[in-house]
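Participant: Whenever a hint applies, use it, and build me the whole structure from the sequences.
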Amino acid sequence: MKTPTGLKAVVRDLVRRALAEDLGARGDVTTLLFVPKKARVTGRVVIKAPGVLCGVSAAVEVFKQVEPSCKVRVLAEDGRRVRPGQAVLEVSGGRGILTAERTALNILQHLSGVATVTAEYAAKVKGTRAKVFDTRKTLPGLRLLDKYAVLCGGGRNHRLGLHDAVLLKDNHWTCEKDLPKAAAKTRRRFPGMVLEIEAADLSQVRLALEARPDIILLDNMGQGLLRKAIRLIRSCRPSPQVEISGGVSLSTIRSLAELGPDRISVGRITHSAPALDMSLELSS
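Throughout the sequence shown, residue numbering follows our numbering, covering 22 to 305 in sequence.
Calculated from the structure, these hints are not laboratory results.
There may be inaccurate statements among the hints.
To be verified - Within a straight-line C-alpha distance of at most 25 Å, the following computed SDA-like cross-link-like pairs (lysine to any residue) qualify:
#	residue 1	residue 2
1	Lys206	Leu188
2	Lys206	Leu165
3	Lys92	Val67
4	Lys198	Ser224
5	Lys152	Pro295
6	Lys69	Lys249
7	Lys92	Ala41
8	Lys202	Leu183
9	Lys152	Leu253
10	Lys147	Gly100
11	Lys158	Leu126
12	Lys69	His292
13	Lys59	Leu246
14	Lys58	Lys69
15	Lys29	Leu126
16	Lys85	Pro25
17	Lys92	Lys147
18	Lys158	Arg33
19	Lys85	Glu141
20	Lys206	Asn192
21	Lys58	Ile68
22	Lys158	Leu119
23	Lys152	Arg164
24	Lys58	Arg102
25	Lys59	Lys69
26	Lys249	Met214
27	Lys85	Gly115
28	Lys206	Trp194
29	Lys198	Gly175
30	Lys58	Cys91
31	Lys249	Pro212
32	Lys29	Leu165
33	Lys29	Lys147
34	Lys29	Gly175
35	Lys29	Pro105
36	Lys158	Ser113
37	Lys147	Gly115
38	Lys85	Asn127
39	Lys147	Ser270
40	Lys29	Ala296
Facilitator: Set out below in structure tokens:
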């Protein structure tokens, strides 16, 4: 699994902003009032539910930004399956560890939640040609981290943003109905860039095929229509990749994968993933 370019800088910036949001102008007033300045704190981040870990480096960054002299020992790496009772980090230092606790856990729990849900979807399509892909339905400011969590869970990344692939969706069809012309324009302006065209019925699939895109996205189709659309696309040589999207759930993804698409994009692995339960347990 390759770490996305620029991830370290994104983590540093996110942690700075998250801590500024939490501490405000006065800082952690409770810890400042009631925990002695020279207090020594030791604790472990302990998992409370089974899942896939993600966000370890971000959690370490939080502790280090608040308490630069603290010692952090990483006990489990991103992408590893974890179980209840398992410690994934050990941290020791001054009272700043208490200040850093919630921000570190917030990031670690969220990203581990995304990785865990992604792993559940990826397991459902095992043995088929289909791969689970994410979408742009990520939390604002967390795009790169959310997509990294998808990789940790065994999923694949769709385009990072609006800048690195052309995706002609339903709203674009109203402005550009000549798809071969649109494809030619794309390849002149952005040579080598992926071109994907969304289709909602067989007539749109036929029009999309005329443009010879890299991917055809079959959106919100019933399984009967999907079967016909995939057969039509596969009859072309060379055929574009087939992507399915729209209302995909854990209960439906296997049957969709068995229709033979190359990709199934799932918005809920990022926009609806529940946090993985864990806590910081202090031993001193």
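Participant: Confirm or reject each hint.
Facilitator: Status of each hint after checking the structure:
no., hint, in the structure
1, Lys206 - Leu188, "holds (13 Å)"
2, Lys206 - Leu165, "violated (29 Å)"
3, Lys92 - Val67, "holds (17 Å)"
4, Lys198 - Ser224, "holds (12 Å)"
5, Lys152 - Pro295, "holds (22 Å)"
6, Lys69 - Lys249, "violated (45 Å)"
7, Lys92 - Ala41, "holds (22 Å)"
8, Lys202 - Leu183, "holds (20 Å)"
9, Lys152 - Leu253, "holds (20 Å)"
10, Lys147 - Gly100, "holds (18 Å)"
11, Lys158 - Leu126, "holds (22 Å)"
12, Lys69 - His292, "holds (22 Å)"
13, Lys59 - Leu246, "violated (68 Å)"
14, Lys58 - Lys69, "violated (31 Å)"
15, Lys29 - Leu126, "holds (18 Å)"
16, Lys85 - Pro25, "holds (22 Å)"
17, Lys92 - Lys147, "violated (40 Å)"
18, Lys158 - Arg33, "holds (22 Å)"
19, Lys85 - Glu141, "violated (32 Å)"
20, Lys206 - Asn192, "holds (18 Å)"
21, Lys58 - Ile68, "violated (29 Å)"
22, Lys158 - Leu119, "violated (32 Å)"
23, Lys152 - Arg164, "holds (20 Å)"
24, Lys58 - Arg102, "violated (37 Å)"
25, Lys59 - Lys69, "violated (31 Å)"
26, Lys249 - Met214, "violated (28 Å)"
27, Lys85 - Gly115, "holds (11 Å)"
28, Lys206 - Trp194, "holds (15 Å)"
29, Lys198 - Gly175, "violated (37 Å)"
30, Lys58 - Cys91, "holds (14 Å)"
31, Lys249 - Pro212, "violated (31 Å)"
32, Lys29 - Leu165, "holds (10 Å)"
33, Lys29 - Lys147, "violated (31 Å)"
34, Lys29 - Gly175, "holds (21 Å)"
35, Lys29 - Pro105, "violated (28 Å)"
36, Lys158 - Ser113, "violated (37 Å)"
37, Lys147 - Gly115, "violated (46 Å)"
38, Lys85 - Asn127, "holds (16 Å)"
39, Lys147 - Ser270, "holds (15 Å)"
40, Lys29 - Ala296, "holds (22 Å)"
In this structure, the hints that do not hold are numbers 2, 6, 13, 14, 17, 19, 21, 22, 24, 25, 26, 29, 31, 33, 35, 36 and 37, in rising order.
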